[in-house]
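Chains as they are written, first to last, in the numbering used here: chain Z, 1 to 223; chain W, 1001 to 1313; chain V, 2001 to 2393; chain A, 3001 to 3116.
In short, the hints are calculated from the structure, not lab data.
Don't be surprised by glycine CBs; every beta carbon is placed ideally from N, CA and C.
Computed beta-carbon distance windows for the label pairs:
1. W/R1275 <-> Z/L105: 52 to 60 Å
2. Z/F48 <-> V/R2305: 51 to 59 Å
3. Z/A20 <-> V/A2111: 35 to 43 Å
4. W/P1181 <-> A/S3002: 30 to 38 Å
Covered by chain Z, according to a simulated footprint, are these stretches of chain A (three or more residues, beta-carbon under 8 Å):
5. 3048–3060
6. 3077–3084
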Amino acid sequence: MPEAILFVVLAVIAVAAGVAVFRTDSMARASYALAVSFVAVGLMLLQFRLEYIGVITVLMMVMEMAVMAIFMIMFMGMNPALMPMDMVHSKKLSAGSAIGLFLLLTAGILLADWPESRGPAGGDLTASLGEAIMEPKMLVMLVISPVLFATLVSALVLANPRGRYSTYPLVPVEDADDDDGQGKGQDHSGDSAGHAAHSAHGMDHGAGNSDGHGQHHDGGGHQ
Amino acid sequence: MTPGAVQQLPAWGPLAALAALAVVALSGAMVNDVLAARFSGRRGGGFAPIAEAARLLRQRRRSTVAADELLRRVGVAGLTVAAALKVAVLPVGAWVVSDLAVGLVWFNAMDVLVWAFVWLAGWGQNSVFPLVGGYRFLALALAYELPLMFALTAPAVAAGSLRMGDIVAAQEGLWFVVWMPVAFVVFLAAVLAFSLQRPFTAPMSADITGGVTSELSGVDRFLVLTGRYSLLSAGAGFAVALFLGGGSGPLLPDWLWFLGKTVVLLWLLVALRRRIPQLRPEQLMAPAWVVGLPVILLQVLVVAVVTINGRSS
Amino acid sequence: MGLRNVLARIAVTRCHVFVAEGYAGAGSRMAVERWIADKGWVEALSPGDADILCICGEVPDDQKDAVERLWDQLPGPRSRIVIAGPEHAGRALDGCVEELLDVDEQFRLEAERTATEPEQDDDGGSDDGDGDTHADMDHEGMNHDGGKDEGSGAAQMNMDHGGMSHEGVDHGGMEMPMPGGIGLAGEGKDRDGLDLDALKVPLGPYLPLWPAGLVLHCELQGDIVLAARTEYAFGRGEELPIGGPSGTERAALVRQSDLVSRLLALAGAAREAAKVRGVRDAALDGAALDECRRSLAASGTRLRRNWLLRRTLQGIGPIPQGGAPGEPGGTDAWDRLLAMLDATVAGTAGAGGVPLGLLPDLVRGVEVSVVRLVVASLDLSPQPAPAVDGRAR
Amino acid sequence: MSAYLNLAITFAVALVGVGGLYALHQLTAVASNPLVSKPYTSGWIPEQHALSRYHARYYPVTLVFLAFDVEMLFMYPWAVVVPRMGASAVMEMFVFLGVLMAGVVWAWREGAFKWA
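Only chain Z is shown next, with the shape it has when bound in the complex (with noise of 0.2 Å):
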């Protein structure tokens, strides 16, 4: 019975940590009540004996949106914290689509003919993951390692702004005549960052060049 209470006073959390992501003004607050919901949902698998995979999930899921959290903010299209705004997009499509999928998971849970239950689990649950993991879905593996570079390199194909040649810009591309006509003092120093620009190259060249650790690239840049 207690255990019972405890896996709905977990779902409640979960279910209600996920409204308040839609609820709040601030983005930091809904990255952080998603992490709640996950950490939920993690201790909800340790009810179920499941050890690692509810660790790890919680592990997983506090860094993956401590992540999510820097680009829930930075892409923003607005102050992420101190304007009222609402999260929720094309309603009628994103609620049709969550019901529906909510209604697909549930009949494939109520449906599916799942194997019946051959006494308690017994040994440790991690090993025998892990042995699944290296023998008879060694398949998973095999893929999920190409996958994941893949991943890897498209992501920063997108994301990065500069690519291995391209030294670093110390100061914003500007167009001088794109700047706001009234920012005080700004637009003095905007019209300078040319000049500045031109100077700076050189100066990040020899920057580069002198930190001896790390960052070829600049070495690459002049093969």
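Dock chains W, V and A against the given chain Z, drawing on the hints supplied.
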């Protein structure tokens, strides 16, 4: 003590463990201040952490305009709580508060919580310098976390288990530090990093007026400072359990050995980090990924090969 | 009350002091720093950490508000003191301790402060200045390529609105909350092409480990400075002679070791910083100059072996070769640190002042910590033309 | 199950400890309500709220990290079975890691770990 027989403490265990953590952390802070005092030619210094605590308990709490009070509180209080939860799976001699089968992963998960807490503490203050500090910590975390994870894997491979008790038991005869020194060093570096000690102090350094602690006062600041030392102490404890044979040692009871080793290692870390200058925040990224990661991977490879050979022979 | 008194007694053995250096306050600051070190106190890095606000030197009238703002940020129990000269430091700080120890008075003062505090509700705007709101609008307007910036405020507001809902964000009405009367950050141009918010952050004048009076108005995007503008909040004018008549070797040694220790402290090399500072204090006390130089030379030798520190400082803030005469051309922060030390050891004057105009270029596009190191690596103090600013007005 | 119970107790004790500190602070501090002040900006009135779309310059690294990090899911179970499964498991895992490491080196060559 038979291998793997770690005895789980009853419900008063958590209290005892947290009290021990507090005492060990306090000793670390005292050693730090004694060293500081000696360096500047003063006597004493051991009283300084207590004076600091009194000062902060007396000081009024402080908040900034439009601060995200909830997130700030979570972040500020979380550091200490995370340290406490780490310690819960740490075998002190033959005793452990919680004999989790995946204790090692638990430690790692609690470490990741520190990411969240430091960042939340920085973000929640709605002030530039804490904000920059919080983001700096995430940058550090991206650099240290993977090497840390692999450093944790090495003892797990050698012991064939993720249970902290088994890992300690597997070191009977030969401490892991002897044949996995790289993992040990990387682990200690990561401990310094997640407890925000030099050289990884960029998130709360002087150039951003204290970073995440910049706007904190009173009990909030006290909790952050406590959290740092608690995390460092917990890290030292895990280093002992993972690499230095846990509570093994002659004559004395094993819990005493364990605490002794932990305290000595903690003091060494405190003394060591006073001598290291701080790294600029962006300086760690490339070396950690391009040097640290391959090196620790090689260490894991060596450990795996040795383990297999040991089994088959 | 017993517990509170005991706590107060214990607490004052470790006061945290926020030092705000005003006009010609270097001598007092050094005396205060020394007192702090001798007592085992702590130099607070921000007012939020401080018990004592210690103003060294004079604060010009137009800066009085700034000091009041700092004072308002001290959490309390708190005490403030103006130190007019090095010889007053000890007595003045003792007076502060007395104030801090007066428990009843501190409680009364804080209660009073709570009572007089302006309403700080979340959509406050009680002191919502027009200027703030306006500034905010300007920035919001910047993302529109139309560039009808001369348009009226209302027009801009509409543009804003359009721009935002265009992002797919649905925010209700125009009553944007402006908590505390502070505006929201506006977009800034960026080298990565992301155009995220740029924050206006002034560095200085009341910043620990910072040249007195200097203000660097930065636009920060993330932790990178997009653009900077320099000014002096108050002219440096004639420094009070520190450690003997100005122009003497001793005064030069004191000043330069002060600069070196500041740079080392910012680079996170606390031990070396404290050692150099010790030499400075010894020189102030009238120790033999040769002795001081020998210690500094030893520090120099240690520093040269410190590869982590070198890695921190090398390659940052490079000044291009062949600038104006007297400019330390072709150097970076590490070179300048060593040159400063060597010049002090040799007893020659330092490399000479760096024109302030160089600074905005040096700090553009670099990280905040680097900005601090670059500023600390430059000897900005000698006779700048009064109230210079960099390039912009 | 008692392992989890003790973890829960630890969590509770830690929370109570933190809460107790806050309560104690209410009694001992010179004022029990927090001071609300403007953020510290070197003595100036802050012109803008700090909470903004913060440009984390290291965002390319986060992508590399996440890709590599997924691998850790397999690493822990692998660590448990290595002694039993022998060389084949080691080979398999290190081929996997090698591929990822190649990606990391490539990312480094692309300058992804450069930041400021």
